[in-house]
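Novice: Numbering (my numbering) for the sequence shown: 1 to 323.
Just so you know, the hints here were simulated from the structure itself, not pulled from any lab data.
Ideal placement from N, C-alpha and C gives every residue a C-beta, glycine not left out.
Some clues are possibly wrong.
To be verified - Label pairs and their computed distance ranges (CB to CB):
| no. | residue 1 | residue 2 | range |
| --- | --- | --- | --- |
| 1 | T195 | A144 | 33 to 39 Å |
| 2 | P280 | D48 | 18 to 24 Å |
| 3 | T25 | R306 | 24 to 30 Å |
| 4 | P205 | L53 | 41 to 47 Å |
| 5 | D165 | M187 | 24 to 30 Å |
| 6 | K303 | I145 | 22 to 28 Å |
| 7 | P186 | L163 | 19 to 25 Å |
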Amino acid sequence: MAVTRLAALTLLLLAVSACQAADWTHRHGADHPFAGAIVDLRSQRVIDEAALLAALGNADIVLLGETHDNRDHHLLQARLVGAMGSSVNGVVFEMIDTDRQQAVIEHLQEHPRDTAGLGAAIGWEESGWPDWSMYEPIAAATLAIDAQIVAGSLPREAIQGLLADGTKGLDPALAERTGLTEPLEPMLEANMLATISEAHCGLTPAERLPAMLLVQRGQDAMMADRLAAIRGRDKSVLIAGSGHVRRDWGVPLYLRRSEPGLRVLSVAFVEIDPELEALPIDLPYDFVWFTTRRQPYGFDPCKAFREQLQQIEARAAGLPTLG
Numbered sequence: 001m002a003v004t005r006l007a008a009l010t011l012l013l014l015a016v017s018a019c020q021a022a023d024w025t026h027r028h029g030a031d032h033p034f035a036g037a038i039v040d041l042r043s044q045r046v047i048d049e050a051a052l053l054a055a056l057g058n059a060d061i062v063l064l065g066e067t068h069d070n071r072d073h074h075l076l077q078a079r080l081v082g083a084m085g086s087s088v089n090g091v092v093f094e095m096i097d098t099d100r101q102q103a104v105i106e107h108l109q110e111h112p113r114d115t116a117g118l119g120a121a122i123g124w125e126e127s128g129w130p131d132w133s134m135y136e137p138i139a140a141a142t143l144a145i146d147a148q149i150v151a152g153s154l155p156r157e158a159i160q161g162l163l164a165d166g167t168k169g170l171d172p173a174l175a176e177r178t179g180l181t182e183p184l185e186p187m188l189e190a191n192m193l194a195t196i197s198e199a200h201c202g203l204t205p206a207e208r209l210p211a212m213l214l215v216q217r218g219q220d221a222m223m224a225d226r227l228a229a230i231r232g233r234d235k236s237v238l239i240a241g242s243g244h245v246r247r248d249w250g251v252p253l254y255l256r257r258s259e260p261g262l263r264v265l266s267v268a269f270v271e272i273d274p275e276l277e278a279l280p281i282d283l284p285y286d287f288v289w290f291t292t293r294r295q296p297y298g299f300d301p302c303k304a305f306r307e308q309l310q311q312i313e314a315r316a317a318g319l320p321t322l323g
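Produce the entire structure from the sequences given, and follow the hints as far as they go.
Specialist: What follows is the structure, given as structure tokens:
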């Protein structure tokens, strides 16, 4: 029986990979059998897009997690937003600070459905995020279904307040609603600190990690609050990095505290890992959609990060650089 089930899974994965192979923007990992596969992590089953959409249709809040610089992730996010259609009241973007919400509203009032010009209107180029052209398809899909584009990130002043005064530097009502003042379980906090350190290639001084953790938690609480506030009777959707849509310590944690009755589903778009061979898959989401990679197997992002830091330090010291 196990052999038959494995053979069926292999055939399904090969069919999924073949169907999607021509659609990828990035090609690294396109020949991996899991490329394009959607896995329901609750049941450890490979499902198709129709089954995923059926599940999302029953949710109050849908979280779509990404790797920020993978264009395919944004195209798939846009596809799901469009497919969910009129059930969506608003789409919250991690990348837009809440103090830019009025700029979003004013631009779309003056230039309805002009997503090409929206990036400039909200100062996207100065934000540090990947090029607006990567996120524009999501904005276009949002407006096409007559949903709101909603800013979800803490503004700079709020982040500075967090760093200076902890949760006292944040809106007290927000902290109260989301339970942000409640301490994390020790094991959860330790795992978060380790993950943040790893994400920064171990180059962040240990004494700075608690402040970075607090900012991460503040961002998650803010996005949870925005999602709950705009939902109304319809569905709200989040566009954010995959770390923010984790069920254990991301936005879902704060939604469970503030709105325990809501049905929240988390979908992560994850670049294929060459070591992935079979189910089960242990990832902190409800669903994972495996995609191709922006960089080839073996690419070391920490090496690239260290080289960037060395160049910045050299420029600051007035030394010659190689790039």
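Novice: Which of the numbered hints are not met once you compare them with the structure shown?
Specialist: When the structure is compared with the hints, only number 6 turns out to be violated.
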